[in-house]
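Undergrad: Please assemble the complex out of the two chains, which come individually in their own frames, going by the hints.
In the order they appear, the protein sequences are chains A and B. Residue numbering for the first sequence follows this note's numbering, beginning at 1 and increasing consecutively. Residue numbering for the second sequence follows this note's numbering, beginning at 1 and increasing consecutively.
Calculated directly from the structure, the hints in this document are not laboratory data. All the pointers check out, no bait thrown in.
Over the 12 Å line for every Cβ pair with chain B, so calculated as not near, a few chain A residues:
(1) Leu18
(2) Val19
(3) Ala123
If you want the footprint, here are the derived chain A segments under chain B, 3+ residues with CB under 8 Å:
(4) 189-196
(5) 200-207
Nothing here was measured: the structure is a model prediction, and the numbers come from that model. Backbone N, C-alpha and C fix where the C-beta goes; we use that ideal spot for every residue, glycine too.
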Amino acid sequence: MKRIFDAQLLGPLAAMGLVTLVVALTTNRFLDPGNLSNLALQVSIVSLIAIGATVVIFTGGIDLSSGSMVALLTMVLATLVKNMGVPLWPTLVGVLLLGALLGALNGVLTAFLRIPSFIVTLAGLIAYRGLALMFNAGSPIFSLDPNLEPVFYGRLLGIPLPFYYLVLFYGAATVMMNNTRLGREFYAVGGNPAAAKLSGINVRRVQTWAFAIAGLMTAVGAILMAARLNSGSPNYGQTLELQAIAAAVVGGASLAGGRGNILSTLVGALTIVIVQNGLNLNAAPSAVQNVILGLIILVAVGFDMWRSEIARAIGRRSAGKAEAGRGA
Amino acid sequence: MMHPSDEPLWDVVEVSKAYPGVLANDRVSIRLMPGRIHGLLGENGCGKSTLIRLLSGVDRPDSGEIRLRGQPVALTSPTGARELGVSTVFQEFSIIPSLTVAENVFLGRWPRRALGLIDWETMRRRSSEVLAELDIELDPDAITSTLSVAQQQLIEIAKAVAADAQLIILDEPTTALGLDEIAQLHALLRRMRGKGHAILYVSHRLDEVTALVDEVTIMRGGRVVSAAGKTAVEVDAIVSAMIGGDVREHYPKERNTRPETMLRVTAISSARGVRNVSFTLQAGEVLGLGGVLGSGRTEIARALFGLDPLTAGSIEIEDRHLRISGPSDAIRAGLALVTENRKTDGLFFNFDGRANISSASLPRYSTFGFLGLHREDAEAASLARQLELSRGAEDKSVRHLSGGNQQKIVIARWLLSRARVLILDEPTQGIDIGAKLAVYRLINRLTAEGCAILLISSDHDELLAMSDRIAVVRHGTITDIRAPRDLTHADLVRAATTEIMTEGRTAA
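So that you can see chain B by itself, here it is in the shape it has in the complex (with noise of 0.2 Å):
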């Protein structure tokens, strides 16, 4: 091992950086040093990505400093910061599968002849060189697609080193890898700090990165809350620091369940990966799904809207047998699924908010196939009232919309619709903490007209107070329902991070 020097390398002072609506990175400081491998922690929308973003050079500071080896430095661009020495590896890979490795290794930055032809000889030795270094066992001139995940990510990493980044950002780099592959990546880490560089480890599963980092910055709502060398790397330090002492934020939850059983679900699998899942959510309850992203929720949720064919089990609402072939038999049936990503598949573009509002009930305003468009614009322009809508958003295109109310108005798609189930899939991701109260203020007037509510979330804060239930997803089913009293937060986080859950805690 080498001696790390006590200079750092990337030292950040003190940034900001807002987001309309959002102040995503608050006087964040951070110290990068050679030689050792830092660890960034911190829940969905801590701030971790846009610090990540703004070493990169994605995006700009709006205050504060970034300093390489003591001097101030402008990021400004993508390729300024690889030009500085600094190489990400996000979560998307920047590598084209239909290249070889070789090629992907050199990206962008190929070996040249005179003119301009690429120096195919020179590409493949130094790239097989690289890999050499990094003890990675593939061939040059292997088509990268036909590679594993866990190999691609490998190409991403000796492409850093053949750039000469002396910073390495890592964001969730084991998501999609199994225990070996994660194994192979650390190995190759620990090489690479003991050839000399810094590197910046982003992850959620706590168990690994008490394994593999020197020290722990840990993020909460834009700021730094426990800096390197402040916290024992250790996860329940970690965990405690990461969620907080307090509960920060005031959810305005209302209990509304009443006793008649809204939905049962009995034994329900399908095709996409949905196992043996059963449950009941009576009138006026929310039942909140827990659990890491790729769990299974958001399956779940499709397999009740009819998107994926059931394998097996069966569905009722109110007692009534549900045969759901496509999402018109589950509108149909009283069922609303407001999904995670509004943006692809949530809204038109196209329209105005009025025939947003609208486009799942279409079928109730035509007579022979004609629209009633006075009964349409009233009655939308009443839930827009009634959902208080920035004014107008009825006649305006919904592009001209605010993230909050663009979520009201799918939302208010599904109370045009008269859904008595409503999924709501992350419904407050990417909304102002005001918009974010307006959505939890209509979960609480939803439950009380007695519908009931399925919610997926990964703020388990926002879970934990709105649920009346929670029922932890993993591995595609359900492992546990539970009161959010018999849970905590640090279950949450958790079987969130290092999935294991801890079996028959009682009632406190």
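Bound-form chain A, shown alone (with noise of 0.2 Å):
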């Protein structure tokens, strides 16, 4: 499986290093299991989401509804499990095929309505907040059941479940862009379209699908958000899909499609989380850290597009080896 480390990775896996080595050595409590740990869960919903987001644009697309559409899963779940009396693993259930099913929508709007993703999504930013707030009047919903917050807080083995979510989910993700059709197919209609039509893939439906994968791992990181919150509203996951985006382009997808390692979003959203928390022991104010989070953002983006001219200035006979993965 060599191929999963590949130059693709080596890049954010290596401002991941710095950052973190620059963070264990500002601070004295980075390393704590309990800071560690606490880090864990604070990148779990943001990297789960962020799957999605990456899958779309690999296709070319890009998803800005998805922080709406987490506030309105909570609502659904929560109104249903504590308004309906709905059992709980039913709810669960639902609130997936929901996402899928909201995520299809976008998808079907974009491949075969021809509006284009920028658009479709943002009128699902809009759109989903407000469904949210026709809920319960607009207020949140809290309690929900005893046996939705383990969903988050379980341990196994010693170790928090969403761990084993984010290697769960990294992995079928990883498997799915490097082993199957579908995957292949994803990076097709992200590098050339037109040249994909011709070689008899549905562009059309493999869009659809990328986007009903986007919806389905925000209704995971909805279904969490609840967990972790024991709550629904109307206000959950602001900004969450900027996030998620961010978290892909610090991993190194191009926004122009088609090319990217989806493992290196999860690298991507690590190494934002790490810079927070950094700036957090070292008790930096929040605007502070927003700025920072903008300059990252700028270089990891800056560096991606100059790396062939890097390259070439460094004097690297193949800068196009380090950019021709396999399929990617």
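TA: Here is the structure:
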């Protein structure tokens, strides 16, 4: 499986290593087990949503709707469980399906009605938040179900459950991108839609699948959010979509589509969270944190853009080899 | 009519220009006189466009000299060339559709007032003057996008005059024009000749060239084969100079036609302008499609491949009726389409060679949605070896491969998909002679294995040499199908340039 650790992953990994080193040296609490486990919990929701955001970016689209969809889905979950008395587990399945369906709707509007995904999901960003406010007269719903909290806070062999979710979903996403026909088609459609069509790939169907996966991962994030806070609220998930996209681009996914490694998105999300954690531990005000986060995104994407020039300047002979991962 | 002076305005002396793999201009000389319309002729790829690029400052010559009124000058950029009075009207216009006529006439050189504000008053007045001087009836305030193509072209010329260009280069100016509009353009060019401008007129259409130009220069294979003054401005002389007396290149044609019918197309029409096209293609046969650009050859290919819906007619492959609603159906039925422009719709530049080769065969490699990567690896690598792709091409991003290797990758894609009928649209465009020969050998190999090939090419030598039969396409329909031996190069050139196909030629 050397492909997983290809050159696309090395850059983001190196960046994360550097950031970790700086944070570990400037603080004395960073490496505390408590802090690290807290980090894992903190990064889990945005990292899972970022899987979907990244898949959509691979196909050349963008999903701005996930943050608002999280709010809507937590309200649906809370209403079903608390106000309508539907049992928890069927509700969770229903929420996952609803997420996938809403995602597929984004896909259909983009692929079949040819409205740019930026616009479709911007409309979703606005409208889903509004829909969320229509539940329970716009008020949050608290203390949902005693079995819900353990979905987030539970441990297995002493390790928090969200860690397992990350392994499971990133593992599945990696297999999907590298070993399945659909994964290859995501890259093909993002790389050159016209050539994909001429290769007999059903471009519209593939685009719709990408958004459906994004919707499913958003639903996973929404369930964890509801479990973590044992509530549903129309205010949850604000700017989550942007954090997910930031994780993808810091991880090196090209917004032009067709290029990137799904595991890099996890590395990107971790990098961002570690920086935030370091700033927190150094008691930096949140205003400063936002400025620094913005700078990180600029540098990460800039570095990706200038990679070939940098490689040439350093005099490396085959800049292309690094770029041309298998199928990506 | 003015008395043309004997001093050339522009004198191009023995310039050469090489691009990777091809010597596009080989010691080309041409003299452009004020007050004369100079025709520049030659087939696709003869080096005309390169010469225009050199004269308009887009590219610089490797050697040779360009003189303006006897003085050597360096044309280092399009802006520099414009400042020296050269204005080029390319096939793709450089006007902004959302601006007015006056704004376009002075594009980038808008008269200014204090503080850098645009002096609208002066701009409108001066553009009216220019338009009046040229006898062009256009409202300076009209938005350009509301005008016809012909009118937009007139704006391009007005732009050149407003910039005080002494040399105006027109590259295929009439491809999009109707007969009336062509007459209007010619009248304008004659008036400009009368005012002492030098005009370099590039065209395929011999009938209009002979009606307009004062002298012609003919190019072939990057060289001037007939300089101005040495060729009579009349169609037969020009045709023979354009195609040359000898067959320059050797084509390794093998005849592999078998009796069984592979593809039967009956009276198909498409929404995109294919009209009532019928033909059959036998196993192992190469059917060439000849005709001018825009005659409908590519549209026939698109209709067969399921890209444009059929409005009538039927297609059978190996006697099985085909229902095609998209490329995937066509591919499953054994069709393949190698498009004209591999860069825009052929290659995946985000993929290595291997993934490019296998992109049309993914269904075959997948079981329950999972790809058999080892099988994909092995089969793509074996094809890469058979096609003599450059070493390691499977593992490299295709952006780092030569044009010839890129073309081989695209063809390999369809070998892997086990296509039985291949449509090749300009398969040797932009690749060097070695890679061309490789493509020809590939055609031979495919036909030897019983595949049928539909070959679209604007290279007449290639079409005549590599086809078993040739269908002439005009206005979206096939007007004639013949054996190449009943068709001469001159016939094709004529068909492509004057759109008059002499009917009923018999075998010589």
